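Construct the complete structure from the given sequences, taking the supplied hints into account.
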Amino acid sequence: MGMANKGLRLAAVGAVTALALAACGGGSSSSSDSSASGGAGSGEPTKGGTIYYLTNAEQFDQIDPQRIYTGEDLAFFNGTIYRTLTAYKFSADAAEGTSLVPDLATDTGTVADGGKTWSFTLVDGATFQDGAPITCADVAYGVSRTFATDVITGGPTYAISMLDIPTAEDGSSAYKGPYTGEGQELFDKAVTCSADGKTVTFHLNKPVPDFNYTTTLLSFSPVPKAADTGEKYGDAPVASGPYLIESNKNGKGGKMVLARNPKWDPASDTYRGAFPDNWEVDYGIDPKVIDQRTMTSSGNDSFAINNGIEPEQLAVVFKSPTEANPEYNGRAISTLDPYVRYFAINTQKVPNLKIRQAIAVALDREALRKNAGGDFSGDYADGVIKPNMGQDFAPTGMWDTLLGQKIPDTGDPEYAKKLIAESGEAAPTITFDYPQSPTADKAAAIVVDSLGKAGITAKPNPIEPGQYYGVVFDPEKAHELINAGWGPDWPNASTIIPELFTPTGGFNLSQYDNPEYNKAVDAAKVELDRAKQAKMWQDLNTQAMADVVVVPTRFGREQRMAGKQVGPIYLWPAYGSWPYGQMYAGQ
Amino acid sequence: MTDLSPAPRRAYIEVEDLSVQFPTEDGLVRAVDGVTFSIDKGQTIAIVGESGSGKSVTAQAIMGLVNARTADVTGHVWVDGQDIVGMTDDELRKMRGSTMAMIFQDPMSSLHPFYRIGAQLTEAVNVHNKVSKKEARDRAIEMLQKVGIPSPEKRIEDYPHQFSGGMRQRVMIAMALINSPSLLIADEPTTALDVTVQAQIMELILELQQEYNTAVVLITHDLGIVADAADQVAVMYGARVVESGVIDDIFYKPEMPYTLGLLASVPRLNQVRADRLDPIPGNPPSPIRLPSGCVFNPRCVYKDRVEGDLCATERPALLPTDLGHMVRCHMSKEDREAVATIALGTLGRETA
Amino acid sequence: MSAYVVRRVISMILLLLLLTFVVFILFSLLPTDPARLTCGKSCTPEIIEANRHRLGLDLPVLQQYWEYLKGIFVGRVYAQDSPDPVVCSAPCLGYSFKRGEEVFILIKEGFPATFWLALGAFVMWLAAGISVGVYAALHRGKWQDKTVMGISLAGYSLPSFFLGLMAIFFIVIRLQLLPYPSYISPFENPTQFLQTMILPWIVLAILYAAFYMRLTRNQMLEVLGEDYIRTARAKGLPERIVIRKHALRAGLTPIVTAAGLDLAGLLGGAIITESIFSLPGIGSLAVNSVNDADLPLIVGITLVTATFIIVANLIVDLLYAVIDPRVRLA
Amino acid sequence: MSTSVAPSALPVVPDEDEEITGRSLRQIVWSRLRRDKTAMVCLVILILLYLIAIFAPFITSMLGVDPYSFDGESISDSGGGPIGAWGGISSEHPLGVEWGTGRDILAQLLYGLRISLLIATTATILTTFLGTTLGIISGYAGGKTDAIIGRTMDLILAFPFLLIILALSGVLTQRLTQLGVPDGNPSRILYLIIVLSIFGWPYLARIVRGQVLSVREREFVEAAVAMGAGRPRILFKEILPNLWAPILVYATLTLPTYIGTEAALSFLGIGVLPPDTSFGGMLGNSVSYFSVVPSYLFIPGTVLVILVVTFNLVGDAVRDALDPRAGRV
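Those sequence lines, one after another, are chains A, B, C and D. So in this note's numbering, spot 337 of the first sequence is number 337, and the numbers just go up one at a time. Count along the second sequence from 1, add 1000, and you get the number used in this note's numbering. Count along the third sequence from 1, add 2000, and you get the number used in this note's numbering. Count along the fourth sequence from 1, add 3000, and you get the number used in this note's numbering.
These aren't lab readings, by the way, just hints derived from the structure by calculation. The structure presented is a predicted model; accordingly, all values stated were derived computationally and were not measured. The C-beta atom is built at its ideal place from N, Cα and C for all residues, glycine as well. All the given hints hold, so there is nothing to weed out.
Incomplete in silico selection of chain A near chain C, CB under 8 Å: (1) 231; (2) 232; (3) 253; (4) 288; (5) 289; (6) 467.
In structure tokens form, the structure reads like this:
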């Protein structure tokens, strides 16, 4: 059900505060597009030193492994303090960088029963920070926490939807998590341990061919039962990776310091480099300051990394959307991120297809893109699956054919008027929900203006960023047009299409409920032939665009930068993040 | 100051052609315009007039309290042979509080609310005398005793708000006289007080005047007080002295129509047919726009006794009419006496 | 005197109670549902209901208020009947589930930055405002006075955020005289602390000083026109003693007390200045709490800030009674 | 204060109402104002600003600009920044264009002026009304009524008003909409006017209350009471006319304060909805860009400061004219 969270987090960026470390979800990126322009990656990694992670956020959204759901945070914590059964390979290459490698498990899992049973055997010598060996029980306990939905909030809920545990009458799982213990026996049947405690087996309610991708999520990482403090576990989590949290103080001026975990045995972990002695996350720094410090790269700032560049500096750092200026060559990245930006159209409130088409046709996508930063902000989108998704992507032809004729990027108000006339309805008045920020306010102005040219009255409805999704997910409060963004959890459109366009999806802002479409989605989900499945996703993507469930505006591009002495410099396709587990300070 | 030959002065205080002008945005304010009078030690001169007539500014000019930076002071104020006008700030300051002292109208606001009265009294001693704390304190207690404050050694620790109005004025008098000044200026010293207290305070002032042989300049609009206390009177109107002389001249042989009006407006116990007072018609002039000619002419009911429009065009001079009796009026002496007879006669009072 | 103190303290406590009540009611009536906000994406009505119960939001408003009041003194445990209760120790001003922290602790963490900001600005503006104000009063009507009044008018006509942004633009970006502000405790790194605080201090001090110049000047002019000042001059006191001992004492008392109230107001957070200079104070916390719709935090900050002002009112009044003997009998 | 050495305290002015008979206080104040050159210049500027605000749509169309049209040509395709120096100043866009949209800054300023003046002026009127009414009632009624109004004022003044205004904006704006105020800007502007007034009236009410306390003891009020005049009549016919000087002074000095506060609130994000803009909103936008395009900061900032300074100068002059003792010589 859950989903990569950038949509959520993105909402907060640019507002006065961005609480979570702004970030990414999964997804691959074609390396040809990435401008990790050589250089930095070539240096030999050195051990020791500290890497400084500069951020405007004032705290991590979550530190509790079962609650983390922000791409960048998943990558960061997975690379430093939490181990998972499986993980993505560190590589800039799109295919390689999203391929699986074993981490806590000895291999990437054994499938049986036509995809309904998955087993993982734990490596020898893996321990928690207190020296206790990590056992199957710890993994099972970690997974079980996800079921305590009243305590462990915010994290992915794949365990609940996939594990073979019956549901109660109200549709929720019959297992209520380890704190109440209600239905514990049901969970114990679904997740079993071998006698030696070395092998964990997951029994699923239906075949999941890519279940071992799911287990890369931190919600499948081990938690020692004795140390679990429920809601407050994130305050003092137990590390299983090469680092532990030495101190953490949230807020402006605060920082999180990671120090080496003395009990971590490199022999048990071939996945992580664990080069620097320390990590320091500096919270609450003004984005302008982050830019300036990273650009200058003097003193400790030569070991700094950031995860975003302010629009005003883009033209300073980059020659073009794909190439950095010589001065910053080798330490600045501009590449497609995993996200698609779009406006969801509430199909319950705008049931007439012609009207939805008119809205899509009238929107001035060029102005919107310019406002977001022009070509630095990304390419025009024609669907919700991005080119960097690999085989699941195919052009939908949305702006060429799907709407009846070719639609220019600036919109076609005359044609939109015609579509309204054909709709048999009067030109509508709609409200545009968006999380408030200065840039978003300007985008809203563009929406109002361009729809207005087609006779559609649009009213902007700015919502405080922290409350945004709370409002738009409430069917009572959501309006006709809803600003959104989405990135997949792993490189399979199964983490996009069902989430966005079916009633059981977690991100169905359009409130789209088309029985035929739902059926086709269910079929695609369980299709074991990956190539066939890819074709199905492509068709479903095109179909949704033809039905104008959303108006895709941009395939997002992002820019980030590091100090002169940090490596390697590339955007890790797995999470659209830095390859934290492989990074080093000094070369 | 280069006064080469100070002529021998007959009087201790000699005010000569004193003028005070304030330039303001609304125009030049003539607060005092050519005031002249004189008195000796132990004597009292009362300056009477309506509010705004310039009497208070005259008093402040004598004390040197008119700020030279904001006002234009001309003429002479001779105090014991020294001209106040033109003195440096410091010379003036040294005279204030020692040679000359002042009592103000409102004892409620004239004492600093934050300091004990003892501190305020000893401060006055210390500024002019090098004495010990104890001596200053003793002197303060002695003065409080003199002005009739009971148990002064205790009250000296009190704050002004703990005293009644009359008591505060006594404190003010004590403070004024603590350095035995030879000139005391009392600016409406009883106006703000209860009627019963007024007499006591005046009595106290006169009593202490005897003791210290002080020259007193009494500013007031209360002719009753004048009659009891003053030796000489100067009547001011529109920034000028319009009539001056010894008390009997002013009360019984007034010659200026304004003085007549002033006297007529005072209720008297011996006044038989006093069914209504006789106020002067009209309002006092604005100091910004003093009437040309005689300042009183717009309100003067007798100006037709003067030929032509002399009253409105030419400023009358302050001229002696008798020995020591000066009048500023265009009417002839005969007319003035005739007018006075009529005016005082209507009051049912016999002429002297 | 002591009866006066008791009376004042009692009326202050009543006002504080009234204040907590008004704030509580005001925010209880908001349609924003705190229970919904604590719920993640996978939200069902059951979870919201459970959260509502955990937060005690299912109780009648008056009882919630009582629980809240009680919590301030004896602490509070949320979700007592659940296996995972949240303890909020006294003084409990609520618990921010959004941040997973007690409101009191969040405010306490924000306090140092706000405190230093307010204190430094306070010292600067009082020093500048009073000295310049007195100077202007003594040169009343002269060019010095007119200049001061002009500067003062310009000063309080500048919106704080414009002044702050200009300071950053010129001092930090263009002339690079100072690094970008980045707050640190003065005990940890005094140099960086001063480098960070100097601009916000100046910006805040200019705004207040402009106002206090006028206030001081007018107050001094009023006092200089008082009869007792004339009395002091008539005594023959040198002008500087008249000014320092007699005029300043009376003239500055109301100014210093007014400044006390302003200081208290600032201790509740200078929202705009803190936002512009990235200071991790109560003002920034307040803006964040609004953006996140973090109701317990908003309520907590409102209460703490208002309490500062009310308590400062009391202190100032009592202090006034000490300084001005006339008040003592009241 | 009785007579003193300070020249302004001389019996110059108090005599005036007796001396210059036949001239009302209003005429006197006006004649004083007319002599104050700065005030007259400012007054003219203010009238011009109001005219500009009222006729903003005509002016912008005459200049060939408007605040809503996007000009993709004037901004770069990479980054969205304006093409040309100083925010893209050109003959087409005299003050440059907005980052990311190419909207005209001059036109936005003129429209921002409209909103700023609308909110500040209306809020000042409402504040003055509330403060005067409640101040008179409080001062005249005394007793319980006075105590209740007094406590309410204490309470309001103790509130951190910026925080409250920010926190309640969303909800109360919705309330207003539910009450029938048109959705969008009308509700938002009304909300600002109302909250500014609610947090502003106690200051004036305190002044008015004090005045009422002194005025109600005066003879003419006692006379009116003796003649059996009704309470409203006494309050508004006898007492109110004696209060207009402090009220006018307060109102003229409140207006610029409200302009500044409104700008601060829109800077913090509580303002008019896009596509409309306000001074505070423009300055808020400038934060992201002003290290590269300083004119985004300085143009609206300067206009805002001029506006506030002009109002303050007029306010000062009015106060001086009404009560020369309080102001300059």
